[in-house]
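Engineer: Could you put the whole structure together from the sequences, leaning on the hints where they help?
Top to bottom, those sequences are chains L and V.
With the numbering used here, the residue at position 22 of the first sequence is 22, and numbering never jumps.
With the numbering used here, the residue at position 44 of the second sequence is 44, and numbering never jumps.
When the alpha-carbon atoms are kept at most 27 Å apart in a straight line, the in silico DSS-like pairs for lysine-lysine are as follows:
id, chain 1, residue 1, chain 2, residue 2
1, L, 135, V, 50
2, L, 267, L, 245
3, V, 245, V, 267
4, V, 22, L, 63
5, V, 63, L, 50
6, V, 22, V, 63
7, V, 135, L, 50
8, L, 50, L, 63
9, L, 63, L, 22
10, V, 63, L, 22
11, V, 50, L, 63
12, L, 267, V, 267
13, L, 50, L, 22
14, L, 63, V, 63
Because the hints were derived from the structure by calculation, they are not lab data.
Protein chains: 2
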Amino acid sequence: MIASAERRATITDVAREAGTGKTSISRYLNGETSVLSPDLRERIEAAIAKLDYRPNQMARGLKRGRNRLIGMLLADLTNPYSVEVLQGVEAACHALGYMPLICHAANEIDMERRYLQLLTTYRVEGVIVNALGVKEELLQTFSRGGVPVVLVDRSIEGLVTDMVGLDNPAAVSLATRHLVDEGFDDVLFIVQPFRRISSRRVREAAFRDTIGALGAQGSTVVLDLADEAPALAAIDVQLEASEEKGTRIALFAANAPVALRVALHLKERYGADWQQRAALMSIDDSEWAELAGMTTIRQPTYDIGRRAVEFLHERLEGARMPARECLLPGELVVRASTRRDKL
Amino acid sequence: MIASAERRATITDVAREAGTGKTSISRYLNGETSVLSPDLRERIEAAIAKLDYRPNQMARGLKRGRNRLIGMLLADLTNPYSVEVLQGVEAACHALGYMPLICHAANEIDMERRYLQLLTTYRVEGVIVNALGVKEELLQTFSRGGVPVVLVDRSIEGLVTDMVGLDNPAAVSLATRHLVDEGFDDVLFIVQPFRRISSRRVREAAFRDTIGALGAQGSTVVLDLADEAPALAAIDVQLEASEEKGTRIALFAANAPVALRVALHLKERYGADWQQRAALMSIDDSEWAELAGMTTIRQPTYDIGRRAVEFLHERLEGARMPARECLLPGELVVRASTRRDKL
DNA sequence: TTGTATGCGTTATCAG
DNA sequence: CTGATAACGCATACAA
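Structural biologist: This is how it looks when you write it as structure tokens:
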């Protein structure tokens, strides 16, 4: 029988049990172990073990002004990208002694706002944000209050802060060149409404640039997952035109959710063997990509999460410097869907 | 310009600004609004707005002993099941005014232990656990200390607490009957090592029971995702035997990760049109199930998460009752993979 | 080397 | 109705 009942031991209990003052306990806890006599140290150890004492982080944080809490706002955990970034964040937090306070907006924009409020309330020391649609001012509150902010995947207009994400231009260029190299005459870039999300915007622009530079044929289709019909119809038109003209057309999805939606549509259109009849690739290497034999760009998600925490950590350690931008390279994973001999 | 600089306003600042005492501010914050004169109330409101004041949850928690924090320990966020449960948890927490402290063990058993420690340290009011391999004693610490525990998906030997999950016997029976109804002569139930995980154990047992009751042919293959070769070989043997004998055999994966692994294997074995050549179904309706045309049992994941929080909430409100068990029904989602006319 | 006193931001107790 | 004042659990300046 270790624990008493109902109430966790406090530092005072430990002090009494060890027959000393709270200060010594506090010293022991904070590793100022050299300042303690071996005897006292032993008594303290014993007392802690006996009472199963765990220092109260809340009280600790209240006193010293930092509670080791880091806010992590995710737009959509349903997107494997987010989960992977999260893994990196967690690992880095653990290594650096932080505790991530994970907030999942589930694609709801006011959830996002509410969570941001909550994070304020819990006095997180810093925030990592993969935002859906927060406005610059909301985050300003943090940085203005001395709470560093790191953006992930996308930047926010009017807000200058550290940001880490995929090197979109390079990634899109890599992918587009691959398609052209494989002999596709026409490429359809499919992306969610992109005006307001920087990463989508950059990807779309990079696509047009690359296609242009290569002198190849290509166009963009905007797919709104909340109203898919128009985009799917547009895709069909292109597919049919291509079939008529006898050209080879490739579909390039700007991220995993889009890829899934398009894949489902292709399956509906061509049947179970749609993979033999259409060429689809995408950014984001989701778990079913291998199963579908789909070529992808794999994002360095884990590193993105890790870097984000490191950025935060540096600021928290007092580093004073202009906003940084860390763009990590994506990796082309070639699978059957875009093979030259395919169509 | 709302906020000052560097330091968030405290209740004292607000009191000074409003020309009153801290007590009144506290009263205002806690909704004891009827006890305040309209005039004072207005001044307080103004002061709060002007200073952009946010009460400090840490201090609050320290004082009143509850910080509205709920620990949520997840074994593996890579499993869509977990993410979906999480959605339910988050929604319920939000509705009830709790903040979930999400801990992702990422399939590492000592991560799990460390996180459990951390949760203690942050004095969470309750914990929801989807455990990988924690031992009963670790959780005992919580319940013994008056911190309620709710188990999700699986129970833990030697620990009696509230638990919520899928009604596995019913779900497996439903699935197995479906397969037999569709005319399969033989069913291969594929499951990860199941001795130590109650949900897997129950599913396997339910499978044998149902197959027996139906007088049908069936057997179990144990697939260890860390050492897949033996299981995959075993599957191949069965597949070949079935082909020779000319019988119809179905593969029944006990969860999504297993289903994915098996699907990949089938693709390797049969090529891109493996879906036409093999019949695979699974528990867990992952996002690619529709794409692969795979029949599944969809778990009521969202409700599972919601119920877990509700259970916790009731305990936190002081409900005193024996441990409860909430088993929610799964839903059979029939797709092409198990259609009668298939093979 | 050790202990005392004070305060972190809130709420609760008790007087006015 | 309102406002001092004492805790909550801990860390730290200071004293011993």
